[in-house]
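K.L.:
Taken in order, these protein sequences are the chains called A and B. When you number the first sequence by our numbering, it's gap-free, plus one each residue, and the end is 423. When you number the second sequence by our numbering, it's gap-free, plus one each residue, and the end is 391.
Hints are computed from structural coordinates only; laboratory data are not their basis. Keep in mind that the hints are not guaranteed to be accurate.
According to the in silico footprint, chain A covers these stretches of chain B (three or more CB under 8 angstroms from chain A) [claimed, not checked]:
#: 1; segment: 76-85
#: 2; segment: 109-116
#: 3; segment: 143-150
#: 4; segment: 306-317
Note that CB positions come from ideal geometry on N, CA and C, so glycine has one too.
The lines below spell out each chain.
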Amino acid sequence: MTASEARSSRISAIIRACRIITRMSQANPDAPKSDVLYYKMLSDYYTRLLNAHDEGKFIAAHTVFFPSEILYAMDIVPMHTETTTWMMALFLGGQAEILSAGAELGLVPEICSPHRGLAGAFSLGVLPRPDAMLWSNLICDNTAKSGELVMELNKCPGFFLDHPFQRSEAEDKYLVSELEDMIHFLEEKSGRMMDWDKLSDIVARMDYQTELFREIGELRKAVPSPFPNRGFLQLLTVDYLCPGQPEAIAYLETLRDELAEMVRQGKGAVSPERFRLMTLFVPPMYLMGLMEKLGHEYGVVSVVEPLFTRWAESRLDPSKPLESVARKAAMIPERRSMYGPLGQEALQDLIDCAEQYKVDGAVYWAFMGCRHTCATVKLFKDVLNEVDVPVLTIDCDIVDPTINSEEEIRGKLEQFFELLEDR
Amino acid sequence: MVIKDKPSTSVPLPTLERFRQVNYAFPKTEQILEHQRQGGKVFGWLCTYVPEEIMHAAGILPVRVTGYSQEMELEDGNAYMYINNCSFSRSCLQMGLRGEYQFLDGMVAGSTCDGARRLFDLWQYYIKTPFAHMLTIPRKFTEKAHDLYYQQVVQFQEHLEEFLGQQIADEQLRHSIEVFNRARALLRQLYELRKADAPPISGAETMEVLNASFRMPKELFNQWLEKLLAELGRTGNRHQGRARLMVVGSVMNNPEFVKSIEAQGGLMVADELCTSTRYWSDPVVLEEGQSPVAAISRRYLNNFPCARMVPSDERFNRILNLVKDFKVDGVISQIIRYCVPYAHDLPLLRDRLKEVGVPVLALDVEYGTSGSGQIQTRVQAFLEMLEARKR
Ligand code: SF4
Ligand code: SF4
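Kindly produce the complete structure, drawing on both the sequences and the hints.
P.N.:
Now the structure itself:
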């Protein structure tokens, strides 16, 4: 294997897996069309990454909640760091090799595993080498601190985007100025110029995309709820990887129409629907299959994920593209409770979700690497218990299956479903 | 270089004993109670990016919120904050939940790291103080970041004025700058003594002085520190050791931990902690025509950086300078479990220190540890390795 083949090996494997699923979905007349579009979007994203250097393109690796709209507008190929580690875990199974390579670098187990895994993967040379690293403090210390090691491992330059913690006119201005500085950095390093018209088009689509997210959220309120458990991850990924891109819009429009049709026909994602769950944080990637299976066995469906799928009401203005990109950072669902001071609004939103979505119970996935989210476990539990929603907390790791066995987690979930039954 | 031919001497220092008494009474020290008896307000602050001068100028006694001064079972902290937040924040929270910070009239924090920001969030919901304020702290040192931080400090001042119903005059701020700069200058003098081959004060003793500085009015602290410096000059105490060490990493203010290293022959001559050098190292420089708030905000953002700041080389370079100035043979990195900012920096810092031939002993600790058991064994081995390198 040549060095460049080795460098792309994990990405090639993700692409192969996505293509197989796409073909299987295409061949299955019952499979929703949105699934085909989703997996095609994924394989296209990673194919662009795989071929980037051969096509003379510039690759920018970036952390989660990074405004990759700017990269698309500059014809720079994005590489989402955390999602790429997730995808490796989701499609390629246990990631012992990359996690132990992260440990070799001196990264202790308390560091969020997607970041340890990513650093490990770069040090093993199994991911394409980025030409620049972009990272920010939206949303945690792990994102804020991960960039410099990636720069060092890949011998590439980097830019840190400093996100203000609260919201005020001065802080909004600061963020816009940070975006301007980043564009200058990218223009200088990549030799590509910002295409402002293209950015405006992306912002216009992004505005529509947030509308689609809200419409989908509304449709999920139906009883029975039409959206399957595995869909949650798709909703996140589509914005993480392709914000404001035509393929994201096509997927979301198709999904919305499919859900609307199901609601019209009174069909649910599981039949019969017995329990409606609120999901707090993210189930481990390697358990997505289990969640789907349990959904059907027990008639359980996740109807709302307040930390991840509740977009704030606001509009983006294509005539002010940079300000809009900055505003989007304030609209993302994660901003409400995962970043910025935890306000009453976030707690009220939990209560609203519980009521509007007719939630029977909540599962809090306490990812041990994610400190700031776990710090709200008790508070959220207190708030939800007040409106009579029981909460199950499960300690886990998003990408490392050795932390908690599937049987153990299955047992806890089954017990919880029995408790819901008894109520 | 470490001199071994002359033995260590250590005669008692009366003023050090007074500082110790302050720490024994923690968290409700006699000096805090006295300030309250005089009708003064007491505010807690959480991290070194919170400008103390602003509170001081308003007549408030700013005290640093820290956790238990020993390793403890943190049942409440664990229950409310989950076990995967650093034990420093859990320890502070537990003290708050148990009413040990009930005397505070206000709590001020900065958006420094996940542990600190969540501590502030939970404090507001479960403990509550009459006044609470969070400052956005940029992570960069650029001019734009300085502008933003300046506005944050102004907002903080305005919020405080509104709460107190009184204005804070520039004159009062200038006075506070003088008081705090005096403390910084005296602490620098104290640290200068530690550059000697056989310093007159140990690392553990220095930590006791610093701890007291967080828990008493600075005016009184300055008087006492002046006395202590005079005593140190008179007594001729000298501390010897097998190797000159520096401790870096997460927040740490338990002198017992340093004492346990010194008891094994390590000579702790320098430190890079937010409870030590990073707290006092840079003065506020008030330029001609500059407003005191502008000078204060510039100092706090430009101060010896915490691991949260970008680029990390700013911090690493300062550490390398300390290593050189204090003739450090080996560095002990102590990182509290789940302290992500420092944990992420460690591989890079280790490389930088390796380039200048300084070995690192990396310890995973819990806040308040006294450094017993396995830590002692590892320190022992580290000291032996450092000695062997010198032979
Ligand atoms: S999982 Fe949590 S700790 Fe890890 S990057 Fe995401 S928000 Fe940060
Ligand atoms: S810097 Fe580390 S030890 Fe200090 S509060 Fe933050 S996470 Fe905790």
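K.L.:
Hints first: check each against the structure and report whether it holds.
P.N.:
Hint by hint, here is what the structure shows:
1. 76-85: holds (count 6)
2. 109-116: holds (count 4)
3. 143-150: Check passed, 4 qualifying residues.
4. 306-317: n = 5 at 8 angstroms, threshold three: holds.
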